[in-house]
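Keeping their order, the protein sequence lines are chains V and G. Each step along the first sequence adds one to the number in our numbering, with nothing skipped, and position 156 is 156. Each step along the second sequence adds one to the number in our numbering, with nothing skipped, and position 112 is 112.
Note that these hints are calculated values from the structure, not bench results. Since this is a predicted model, take the numbers as computed values, not measurements. One or more hints might be untrue.
Label-pair ranges, simulated between beta-carbon atoms [unchecked claim]:
id, chain 1, residue 1, chain 2, residue 2, range
1, G, A70, V, E14, 41 to 47 Å
2, G, P76, V, S63, 29 to 35 Å
3, V, K214, G, V94, 47 to 53 Å
4, G, G30, V, E28, 30 to 36 Å
5, V, G11, G, N53, 47 to 53 Å
6, G, Y128, V, S63, 45 to 51 Å
Below, computed lysine-lysine pairings styled on BS3-like, alpha-carbon distance capped at 30 Å [as the list claims (entries may be wrong)]:
id, chain 1, residue 1, chain 2, residue 2
7, V, K95, G, K104
8, G, K104, V, K140
9, V, K119, G, K29
10, G, K29, G, K73
11, V, K95, V, K119
12, V, K214, G, K73
13, V, K214, V, K119
14, V, K95, V, K36
15, V, K88, G, K104
16, V, K95, G, K73
17, V, K88, V, K214
Every residue gets a Cβ at the ideal spot worked out from N, C-alpha and C, and that includes glycine.
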Amino acid sequence: MDTATTLTPGGLLEASGVRAVLDGLDAELIGLAPVKSRIRDIASLLLIDRMRSEQGLQSTPPSLHMCFTGNAGTGKTTVALRMASVLKQLGYVRKGHLVAVTRDDLVGQFIGHTAPKTKEIIKKAMGGVLFIDEAYALHKPENERDYGQEAIEILLQVMENNRDDLVVIMAGYSEHMAKFFASNPGMASRIAHNIDFPDYSEAELMQIAQLMLKQLNYRFDGEAEPAFARYVHLRRQQPNFANARSIRNALDRIRLRHATRLIAAEGVPTRDQLCTLAPQDILASRVFSKKTRGD
Amino acid sequence: MRITQGTFSFLPDLTDAQITQQVEYCLEKGWAIGLEYTDDPHPRNTYWEMFGNPMFDIHDPAGVMLELQACRKTFPNHYIRLMAFDSTHGTESVVISFIVNRPKNEPGFRLVRTEAPGRTIRYGIESYAVQRDAEGTRYAGSE
Numbered sequence: 001m002d003t004a005t006t007l008t009p010g011g012l013l014e015a016s017g018v019r020a021v022l023d024g025l026d027a028e029l030i031g032l033a034p035v036k037s038r039i040r041d042i043a044s045l046l047l048i049d050r051m052r053s054e055q056g057l058q059s060t061p062p063s064l065h066m067c068f069t070g071n072a073g074t075g076k077t078t079v080a081l082r083m084a085s086v087l088k089q090l091g092y093v094r095k096g097h098l099v100a101v102t103r104d105d106l107v108g109q110f111i112g113h114t115a116p117k118t119k120e121i122i123k124k125a126m127g128g129v130l131f132i133d134e135a136y137a138l139h140k141p142e143n144e145r146d147y148g149q150e151a152i153e154i155l156l157q158v159m160e161n162n163r164d165d166l167v168v169i170m171a172g173y174s175e176h177m178a179k180f181f182a183s184n185p186g187m188a189s190r191i192a193h194n195i196d197f198p199d200y201s202e203a204e205l206m207q208i209a210q211l212m213l214k215q216l217n218y219r220f221d222g223e224a225e226p227a228f229a230r231y232v233h234l235r236r237q238q239p240n241f242a243n244a245r246s247i248r249n250a251l252d253r254i255r256l257r258h259a260t261r262l263i264a265a266e267g268v269p270t271r272d273q274l275c276t277l278a279p280q281d282i283l284a285s286r287v288f289s290k291k292t293r294g295d
Numbered sequence: 001m002r003i004t005q006g007t008f009s010f011l012p013d014l015t016d017a018q019i020t021q022q023v024e025y026c027l028e029k030g031w032a033i034g035l036e037y038t039d040d041p042h043p044r045n046t047y048w049e050m051f052g053n054p055m056f057d058i059h060d061p062a063g064v065m066l067e068l069q070a071c072r073k074t075f076p077n078h079y080i081r082l083m084a085f086d087s088t089h090g091t092e093s094v095v096i097s098f099i100v101n102r103p104k105n106e107p108g109f110r111l112v113r114t115e116a117p118g119r120t121i122r123y124g125i126e127s128y129a130v131q132r133d134a135e136g137t138r139y140a141g142s143e
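This is chain G alone, in the form it adopts within the complex (with noise of 0.2 Å):
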């Protein structure tokens, strides 16, 4: 199941160019950018480990496309998001946010219903990637 979330959810996965061509865009607005990765791809997991500092003194998206193929060989399968924090005094918060990496094979994730008093039903979500391994060690076997 191909996960998506993000600015460009409802795309394909951005090439390299496009991929380029974006950074362009936000260091022209002057917003840092920074990458993120995890393995636990449960929509409710906002807070992704971050790859490096944030790039705040980068004039080219050469800089930050280097950086990008680091954490791709660093972490090939994980999932790797790019985002752009925008510091201005009133936003000072993240604008663009896009998945730049993801595992080749994604398992997709369990309902899970849990009953609950009075015969309700409370539904939830789980990984099986997260089910089946420990962090870091979830998607390795997938190449």
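Chain V extracted, bound-state conformation (with noise of 0.2 Å):
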């Protein structure tokens, strides 16, 4: 490390390989600008730490503790996902593997279940991120004998004591996670970064259907498009939709129409068949249909 003394910031964070994880999370993740601009924060906080115990100076590693909300389908999930592997890269994290678990995973059934359980989650997470789903599941008000409650108290103590050992993050709603840190004053003093997943615009849809489409070695044809762009922009008015969720929902529909399409079509399908979607395949959706209704 005797040359990253004379590097740079910039020179720094190419070298260390961050730069790296940083441009493949720009590549592979639309849109989700505050959560992009705070991983980056984090990352170079990082790495001026390290420059700074180079030279000498205090530095502590931060509280790195997180809490994820948004609406269903913003890439809450996803993004904690990777954030296993971007800490460890950025060197936060000793291992780097992510343990997800919801309520069931910490909370037992009868007295003196939930302690060992929680403590055994806590225990293989260890080294790594520890993702808690649905987090506001683990506080139930309308019962105050529920066991909820002791595992975060458990929760707790471990991420003050174990700040060095493990990352937690948590992930919910917007409202429900709002209810369940009012109720847990302790939990939310604890978490340091409060990342808002905004929803999508349409254009960002566009292109998340674009990356799945691309993925699952699928396209659309000319026409095919601009009728999934007025697919979008009718499925975002109507209830219960759920941002990129809802447009792989709908890609999954388009297939099957597609395959349906194809093996009623006579004849061997070419290879270029086989991956492109026409616009009949997206104007059968009902969603067509309960606008033409409406009006």
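Got two chains here, separate frames each, mind docking them using the hints?
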């Protein structure tokens, strides 16, 4: 690390491979500007901390417990899954594995069951990231004897005492998480980063669709793309729209119709036909018929 | 009398940092770590009590150390040993075992001579601590 002291921060960013991690995030995650900028901030801090410690200055690792809030399908779980490997490459966690749990994995069914269960999970997550999906479910205000509170207390203790050993990421819908933190002020104060996942714009949803199709070796033909853009526009205004998840479901249904169309057609489909989605696959969707009925 | 046994019996007691490094080595090899405790230090007492479950899915020594702290808190005046189990087919046994906690005061052993026919003498050893008190209370007063 002798050379590192002579490098500029930018050079160090390049040399440590952190730049590659950040660029990878940019390429593979559409939108999510607040999330990316927060990860960039954390990366910078860790690098500067490393330079400070080389100069003999005080450097304490920051607390990185996080809370992801946002509507359904905005990528909370996806980002959390990637966070573990990002933090590993940034050198913040030692092992970089991710243990994803929900309430069922932490909370027991009878007295004395919760503590060992929670501790078991925490032991497994040491050196990596503990991801608690739908974390608000841990607190059930309607039942004062609920064992969830016990799990919360153990988590609080570990989040404070073993800050260097693991990172806790909680995720959930915004309003539920707000209620959860209001009733657990200790938890709120131990979470340094509250990252809100914004809803995707139509253009971003189109990009996500293109990315998903590319990964599946499909593509839209010339007229299918504007048809899908119209689909996205209409679907967004309907209730129960779950951002990227709805897009994935829509694409799955389009693939079903595409397959049915190919089976019904005469002859052997060409390679080109096998991966090209036509506008009629999209326009058969219920979303369009509802619209006309509504008019 | 300081009782020794296991892998590092010839060394002074390992510090927590050294134990962490040993655990790291074991985890790298894919071994499962277990903790055992006893208050009967007789060398032929091979079956100690297990503390918690064997830890199969741990990725980082911090998890094991957490469990060790819990064990020390529960049994501050017992012998505690940390062992690693290699589940590889053909080995399937404990491959490392060393003491990580001991009572403050270890009174040691008495040599017992038993007369046998024909002026033969049979020798045995007996722990003072085990003689003195019942199981679970043996080293309680040594704090």
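Requested in this report: Compare the structure with the hints numbered earlier in the document and write down the numbers of the violated ones, lowest to highest.
Outcome: 7, 8, 12, 13 and 15
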